[in-house]
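One letter stands for each residue in the lines below.
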Amino acid sequence: MSTETDTGTKDPSVTGTERLRSALGRFVWLQENPIPWVFPAIAVLLAFRLYPLVEVVRMSFTDMSLLSDSYSYVGIEQYLDVLSAPGFWTMARVTLIFVAISVIGQIVLGLILAMAIDYGVKKHIRGSVSTRIAVLSAWVIPGIVIGIIWQLMMIEAPYGVLNFFLTQLGFDVVAWLSDPQMALLSVITANTWRGTAFSMIMLYAGLQQVPQQLYAAAKIDGASAIQRFRHVTIPQIKPVVFINLVLITIYTLNTFDMIISLTGGGPGRATQVLALFMYFKGFQSFNLGEAAAIAVLMLLVNVVMTFVYMRFLIEEEGI
Amino acid sequence: MATQSRSGRSRFEDFDRYTAATYAVYLLGLAFFIFPVLWAISMSVRPRQEVISVPLRVIPSEFTFEVYRNVLENSDILRWVWNSLKIALLEVAGILFLVTPAAYAFSRFRFKGKRAVLLAILLFQMISPVVIVIPLYNMMAQFGLLNTHIGLIALYIGLQVPFSVWLLKSYFDTIPEDLDKAARIDGCNRLQTLWHVLLPSVMPGIAVVSIFNFVFSWAEFVMAFTVLNDSKLFTIAMGVYSFQGQYSTDYRAIAAASVIAMIPLLVMFLALQRYFVSGLTDGAVKG
Chain A
1 MSTETDTGTK
11 DPSVTGTERL
21 RSALGRFVWL
31 QENPIPWVFP
41 AIAVLLAFRL
51 YPLVEVVRMS
61 FTDMSLLSDS
71 YSYVGIEQYL
81 DVLSAPGFWT
91 MARVTLIFVA
101 ISVIGQIVLG
111 LILAMAIDYG
121 VKKHIRGSVS
131 TRIAVLSAWV
141 IPGIVIGIIW
151 QLMMIEAPYG
161 VLNFFLTQLG
171 FDVVAWLSDP
181 QMALLSVITA
191 NTWRGTAFSM
201 IMLYAGLQQV
211 PQQLYAAAKI
221 DGASAIQRFR
231 HVTIPQIKPV
241 VFINLVLITI
251 YTLNTFDMII
261 SLTGGGPGRA
271 TQVLALFMYF
281 KGFQSFNLGE
291 AAAIAVLMLL
301 VNVVMTFVYM
311 RFLIEEEGI
Chain B
1 MATQSRSGRS
11 RFEDFDRYTA
21 ATYAVYLLGL
31 AFFIFPVLWA
41 ISMSVRPRQE
51 VISVPLRVIP
61 SEFTFEVYRN
71 VLENSDILRW
81 VWNSLKIALL
91 EVAGILFLVT
101 PAAYAFSRFR
111 FKGKRAVLLA
121 ILLFQMISPV
131 VIVIPLYNMM
141 AQFGLLNTHI
151 GLIALYIGLQ
161 VPFSVWLLKS
171 YFDTIPEDLD
181 KAARIDGCNR
191 LQTLWHVLLP
201 SVMPGIAVVS
211 IFNFVFSWAE
221 FVMAFTVLND
231 SKLFTIAMGV
241 YSFQGQYSTD
251 YRAIAAASVI
261 AMIPLLVMFL
271 ALQRYFVSGL
281 TDGAVKG
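Quick mapping for you: the protein sequence lines, in order, are chains A and B. Quick note, the first sequence lines up with residues 1 to 319 if you use my numbering. Quick note, the second sequence lines up with residues 1 to 287 if you use my numbering.
Calculated directly from the structure, the hints in this document are not laboratory data. None of the values given here were measured: they were computed from a predicted structure. Note that the Cβ used here is the ideal one computed from N, Cα and C, for glycine as well. Careful: at least some of the hints might be erroneous.
Using C-beta positions, here's what the derived DEER-type ranges look like [what the hints assert, rightly or not]:
| id | chain 1 | residue 1 | chain 2 | residue 2 | range |
| --- | --- | --- | --- | --- | --- |
| 1 | A | V308 | B | L85 | 34 to 40 Å |
| 2 | A | S224 | B | Q246 | 30 to 36 Å |
| 3 | B | C188 | A | V308 | 40 to 46 Å |
| 4 | B | R110 | A | V54 | 26 to 32 Å |
| 5 | A | E315 | B | L85 | 39 to 45 Å |
| 6 | A | V308 | B | L191 | 38 to 44 Å |
| 7 | A | S224 | B | W195 | 55 to 61 Å |
| 8 | B | K86 | A | P267 | 36 to 42 Å |
| 9 | B | R69 | A | P267 | 44 to 50 Å |
| 10 | A | A175 | B | L85 | 38 to 44 Å |
| 11 | B | D230 | A | G264 | 18 to 24 Å |
Whole structure, please, built from the sequences with the hints as guidance.
Now the structure itself:
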């Protein structure tokens with residue numbers, strides 16, 4: 001449009017159609033360049049993804065606080081302070097336990113479900129679709145709501161439903177959320193409940209890629225079901241398992257919403273994982289600089305995991 | 001003959017054993033994954049005296065919806081649902097507007113550095129928004145966008161660009177390039193080709209991107225928790241969380257609020273299940 005007014009009004013010898021054609025030509029030429037196509041998305045990406053990353057690193061070297069406008073650079077000392085603070089290593093231990101057990105739980109449960117559904121679909125066993133839907137629906141529920149629902153089930157009085165089942169089976173009432181070790185286990189259980197759907201779907205997709213002739217050949221060679229699983233299934237789905245492992249480790253490490261509504265990080269700091277630890281440092285203790293330093297440590301773990309993932313992706317899928 | 005009958009029998013035993021195991025897994029899986037949801041519903045529809053009764057009734061003696069009426073009348077929950085709906089729809093519209101041309105270009109153009117840019121986008125996608133929540137808070141404060149829906153929508157769009165570009169690009173990649181070449185030879189320019197030829201074919205991809213962005217916006221918590229202050233502006237996730245803090249002992253009301261927060265997503269999921277599955281596998285395996 002702007003080109004038309006630029007050239008058109010000044011030169012009466014150029015006809016309307018020619019003007020239109022030149023404008024269109026320019027428009028078409030512009031279209032042949034990828035930059036206008038990707039520019040808006042990339043600009044937004046730089047503003048909301050890249051800039052904050054650079055900024056969080058910069059902030060981690062300052063004593064920035066929510067309570068004052070001025071700040072100064074404190075340099076690497078920030079990190080030494082963060083790492084030597086008494087709560088840090090407790091948090092690191094809690095996070096490690098939370099991530100490790102949740103990830104193992106999600107992979108094992110996901111694989112069992114994926115294999116059952118794979119078998120069930122092939123043998124036309126009823127309930128395959130319902131089971132898949134049931135598992136997946138857990139994935140759709142907002143993390144905050146998941147925490148609340150599990151909290152309702154984990155009411156510690158005898159009328160809490162999990163305790164009710166336990167007492168029916170002859171066990172004692174369990175302090176699901178007020179005992180520090182139980183609380184961590186409870187958070188891990190809820191997180192496994194939430195994340196298994198994703199593993200199941202990925203591993204199921206992986207199982208579909210295994211050539212069926214391999215199983216037939218193994219059968220002819222007399223391999224038992226367990227041997228077929230060990231020597232055919234496992235090697236064939238290893239890439240998918242690995243990608244899945246990396247992805248759910250990242251997701252689990254960054255968990256915030258479900259834990260804040262289930263335990264709020266408590267009792268004490270028994271379930272305060274990395275994301276909560278960082279957030280509280282920033283928005284409850286108002287210490288933005290220190291929180292940024294913790295965020296950078298979190299970022300490092302994210303980036304290392306991502307590079308592992310990308311290397312693998314490039315090798316396997318040739319991106 | 002002997003071997004045949006033996007292998008025949010063992011196959012039968014195999015079949016039996018594995019079928020039984022599959023049923024067992026299905027049963028346990030169904031119980032473990034459905035029970036929490038059913039429990040929240042059961043809690044919300046029971047009469048008051050059956051909330052803390054011992055022995056506990058797993059299925060209430062009668063169904064009552066009085067607590068839903070209370071929650072709807074005495075809290076802002078409808079407003080929160082409306083806020084979330086508005087934010088989610090605007091986020092989806094914004095994302096599609098930004099990402100469709102970019103995904104087209106990444107699929108159809110060949111240019112230097114394309115692979116590097118795509119990998120950089122993937123890297124951004126993998127880094128959790130939680131990591132950058134503090135600078136994002138400062139950014140919103142500087143632009144005066146704290147405690148506004150516009151600020152939150154902008155944040156959501158910004159955070160969701162990488163995932164959406166990758167996902168939509170993978171759908172463009174599945175459409176044979178001959179299709180748009182034919183249109184180009186017929187005299188369509190790129191924009192016309194995208195609009196008239198490619199968009200209809202890539203619709204399932206657009207649907208998947210829209211659904212995943214909708215679910216993300218509806219469920220997102222950290223950013224809403226950081227940006228929003230005024231309870232009138234809360235999203236449903238924020239609202240339910242504040243509700244939990246406020247009515248900590250009214251289990252029925254909390255259960256009802258949770259059910260209200262998850263029902264729209266569950267209904268959507270049941271209706272559009274196919275899209276969810278393809279989005280999960282495509283989005284994850286391909287980045």
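These are the hints, each one checked on the structure:
For V308(A) paired with L85(B), a C-beta distance near 39 Å keeps the hint of 34 to 40 Å intact. With their beta carbons about 59 Å apart, S224(A) and Q246(B) fall outside the hinted range of 30 to 36 Å. Between C188(B) and V308(A), the C-beta spacing of about 43 Å keeps the proposed range 40 to 46 Å intact. Distance hint check: the CB atoms of R110(B) and V54(A) are about 30 Å apart, consistent with the given range 26 to 32 Å.
Here the CB-CB span from E315(A) to L85(B) is close to 43 Å, well matched to the stated 39 to 45 Å. Range check, V308(A) to L191(B): Cβ separation about 40 Å, and the 38 to 44 Å hint holds. Judged by the Cβ atoms, the range 55 to 61 Å given for S224(A) and W195(B) holds: they are separated by roughly 57 Å. At roughly 38 Å, the beta carbons of K86(B) and P267(A) sit within the given window of 36 to 42 Å.
R69(B) and P267(A) have their C-beta atoms about 35 Å apart, which leaves the hinted 44 to 50 Å range violated. Taking 38 to 44 Å as the suggested C-beta distance range, the pair A175(A) and L85(B) conforms, at roughly 39 Å. Separated by about 22 Å at the C-beta atoms, D230(B) and G264(A) satisfy the suggested range of 18 to 24 Å.
Of the hints listed earlier, those the structure fails to meet are numbers 2, 9, in rising order.
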